[in-house]
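Participant: Listed in order, the protein sequences are those of chains A and B.
In terms of my numbering, the first sequence has 159 at position 159, counting the first letter as 1, and numbering is strictly consecutive.
In terms of my numbering, the second sequence has 1020 at position 20, counting the first letter as 1, and numbering is strictly consecutive.
Quick caveat, the hints were computed from the structure, so don't treat them as lab data.
Some hints here could point you the wrong way.
[Said to hold, decoys possible] SDA-like mimics (lysine to any residue), calculated; alpha carbons at most 20 Å apart, straight line:
#1 K135/A to M1001/B
#2 K1077/B to V79/A
#3 K1078/B to H49/A
#4 K1071/B to G368/A
#5 K173/A to M1001/B
#6 K207/A to S233/A
#7 K1110/B to Y1059/B
#8 K1070/B to I38/A
#9 K1002/B to H49/A
#10 K243/A to D220/A
#11 K1002/B to E63/A
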Amino acid sequence: MEQPHPGCRGAEAVLNLQPSSSISVSYHPLFGPHDDLILLEVDEKLLPHVLHQRVTLRGQPDEDAVLCTPSKTYGIKFVGTSNSAFLIPPSGHSILCESSEDCNEKGHIQQASASVIKVALGSMELVEVAPRLDKLRLLLLENPYRSEEALKFEDLGGTENCKLYTWDDLVGKVQASDDELRTGLMALSAVEIDGYWRIVDEEYMDKILMALLPSSVLNDWSLNALNEDEVVSVLVKDGFPQKLAHHCLSVYGSKVDEGVDGSCLWRLDERRVCVHFAREILREGKRKMDSFMEEWKRRIPEGMQASFDMLEGEVLTEKLGVDLWVRAFSVSALPLTPAERFSVLFKERTKWEWKDLQPYIRDLKVPGLSLEGLLLKYTRRTQPTLEAEPIFSAR
Amino acid sequence: MKIEIKCNCNEETCPEWAIVELQGVVEAQPYFQDRLHNLEIGQLCRPSSLENYTFTVGYHELTGSKVPLKKPFLVLKKKKITNVEQSSESDPPGTELEVVGIIRHRILFKTRPKALISKPQPIVKERATATGSSAPVE
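Go ahead and model the full structure; you've got the sequences and the hints to work with.
Facilitator: In structure tokens:
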């Protein structure tokens, strides 16, 4: 920082103006529009993140930029003012006072003074927003990892005409903080393969699981304590890439124990495995409830109990004539922005009972808006009698 | 695209800027319109030990006070990134933002100006909200 020039005192002179004294406020020798100077309103909570260089602006040229801290995303809006806000930099500000001569070239500023560098027309405000993760799913669905690819040689891995995204690519394209992006990738069960983040095609995941389950029977493994090394090596022998074999464990199971020798034990998650089989059965279309339940129970591995509750947010039932039918309708395939989510839901059904609707909206997260708030905003609630279940329809 | 916000200062040393804010606009007389640099806008005076201020612009006097900002402003400066190796693959010539200052207070004049009668020829005249074109804004 340069020495404060006696004739060019800035913000300090204004902020520390002593009682019974005055200073001259004048236009700075470099006064101008200075469009490159921006005021950003930041609350005390965010301030340390900015000052410690933990924030970035993210967005494509056609998107409204967002500001991301390591864990949160903020929308940015310009708030104009009709007031004149004279912006006064500190004296000897290195960026503005490039040559100290600027400050006293016209010798007439002798007294204490402060110089206005620009008139600010407004400032940028930050509003916490939900990360824009729909785009993440769209990007990764451009090119899911399929079995054909697993059969190819590694380096042929679809680099020519299909798009693949590294972490850095995603950070540049998806408007979300790093934490939110990581959570989003987890929610999509994405996996990093050769440096690229991928969604694995469900049919391929089915193949791996269908190789794992019989092996567990053959080798007398407990589904509650699968040894990672053993499982992975068997699956690799069956022709699955190691990374995918490992991914299968993390999609359908959870780590229960880290052994002393560095090997890990995994427990297959009953719900996730059962849901997988339900989805497989309903992949071809809707089924009568009875036959669906029968086949479902038959297909799930021994020792696991299928219960229809597990399928909340995965299937819808409907009565056609005397029969009850069930079909796939997964919340994981629905848009993540509330307006689009409700629009899809009400296209699916014009009226929803709360118990049916809840699994399809409980994951919606909008900063500053509760689930009740969302319902008020996007639905009309009717309740014929006090005892009756409320019904939700489109607004 | 990712734009970094750089900061070479920390919370204690971030240079503090000031804002003097008044309603309406200050307009220089035609002769000075294109020679504003170094031109005096007015005299800022703190008559007592209170945080009350007057701002005398031409023959108008404004009365106001120093108010802390509920949320501080950071002054950011947009810069073109010059070093090539840093900017990533496909992105067009990058920009970055640098924190160059922080604003925690402003001296706000939200009243209409009072006319001062005996004053020498002003060099700047003010056209504030008194013209009636817009309602006073908070």
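Participant: Go through the numbered hints given earlier and state which of them the structure violates, listing their numbers in rising order.
Facilitator: 10
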